[in-house]
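One letter stands for each residue in the lines below.
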Amino acid sequence: MNALSRVKVKTAGTSPTQEAWHSARNINLDIPIITIVLDTRARLQVMEGQHRFSALTGLLDNAIRKHVSLGPEPWVASNFEQYLTESLRGLKLFRVGSKSVDPFLSKRGDMYHELSILFDPACEHVNNLWSSFITRQSHTSASETIAAVFHSKQNSSAATTNYDQLLEWLTEPKTLDPLAHFGKYSTPNWDGYDAEPIGQETIDAARSFLRMLPDTFGGPDIAPGSDGTIGLEWVFADGPLRKLFVDIGPASVWSAYWRRASGERGGLPHEKITSQTKDVLEKVFKDLST
Amino acid sequence: MPIAAGDPAEIWDVWTRVITSEDYWTTDGRLHNKAFSGKAFAPPDNPSPWTYELSGRLLSLIEHLEKESVAFCRTKQKDFAGVMYQNVENLRSDGSGFPIDVIYTPYDEDKAHSDVVVYQATDKSHIFAVRDWLQDFIQHVRADKVAAICALRRRAEPASPRLGLVGS
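Residue numbers (the numbering used here), protein chains in the order written: chain A, 1 to 290; chain B, 1001 to 1168.
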């Protein structure tokens, strides 16, 4: 049996109420996502969301047909790992996680676990897909997943790079999508003070920006702006930097302000968020940390 | 003498503003600088001597802060996430690098309306600096602690309210 399929399946009896599930635990039921579901018999099902990303789903479909048996034969671990390490190598990055499927989508009423595979080949629409997945992932208990993956890593004869990546991702809180709920700011007057809506382009730009942030100061506090922007901030009680504010948007632009412990203020005017932004950020953060 | 539209607020008064998004609270309980920004903190609609304004209300002219805040949020169908506030005396400062004041700016629907106003701030870098200062100086309470602000009023307000419409 494939190592990753050791992710356990919860059984009926632990199901939340339908109301609780839909109101609190699963914000986006119709998000586009490719999911392999492991049921109690370790069979595989491929579920696709409302959109089909043909290149990726095609790759996944082919890989499954090639390497995975849907019949009584077990899913061979080495094949799947080979698939991950070789087929996806060209995509540079992947993420695998586990979550419970909405039990009310299952006719049997059982709790399943999904094994979801997301891809991040620096492609915007796939990045959105990934973000959506993280949203869902954040509503599940990660402990069992982490334990299962760690167990798999220890028992795998294959290269452990993928497991290391996966464990790092699973255990790092900042990978959760902090903008998952920002869709609620997409309507005018969302604050009762005549706020401008925060557009999807701005949210997507903020996600891209967040991925480019150096780890220097940790994750920012993020808040909506009533002019249709998204604000990031870091505030420190000690050290060389007291405050760093970043405004993103409207659309794909950003600006920054900082105040050092010395009282010196500085900033950057509006700039377009591009692939070069990461270099700019690394330089600014390095400078501000000294 | 009652306060008139356009007058600076009395130094003993307290400027307040309802917070309508939980996302303005940071992970360590501060108020995010975006609570003092954006369209809410914008150039005035009408010609004014100041360049930016942040609308709020004067505590001395609010009869029931908590009830009115709840009603405001209910009417707008928004979260009642708390109230930001500060004494006028403390807000009347140029500590941000730009003169800041509190001006009484009532209108028909809100006789307690007043603005924190900023003079001479014109570009984005100026506003960033003002947001920085406001974040440090404006205090805030969660929705369930609004009574703390009312206690502040009881200590600061003169014996009789300045407008006849305001009770208690």
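Hints are computed from structural coordinates only; laboratory data are not their basis.
Built from N, CA and C at the ideal position, the CB exists for glycine as well.
Mixed in with the good hints there might be a few duds.
Here chain B is said to cover these stretches of chain A; the calculated rule only asks that three of the stretch's residues, wherever they fall, bring their Cβ under 8 Å from a Cβ of chain B [as the list claims (entries may be wrong)]: (1) 216–225; (2) 231–245; (3) 248–254; (4) 277–286.
Do three or more residues of the stretch 216–225 of chain A come closer than 8 Å to chain B, measuring C-beta to C-beta?
n = 5 at 8 Å, threshold three: holds.
According to a criterion of three or more residues whose C-beta lies within less than 8 Å of a C-beta of chain B, is the stretch 277–286 of chain A covered?
Not satisfied, violated; 0 residues make the cut.
Cβ contact check, 8 Å cutoff: the stretch 231–245 of chain A against chain B, three residues minimum:
holds (count 5)
Are there three or more residues in the stretch 248–254 of chain A whose C-beta lies within less than 8 Å of some C-beta in chain B?
violated (count 0)
When held up to the earlier numbered hints, the structure conflicts with 3, 4 and fits the remainder.
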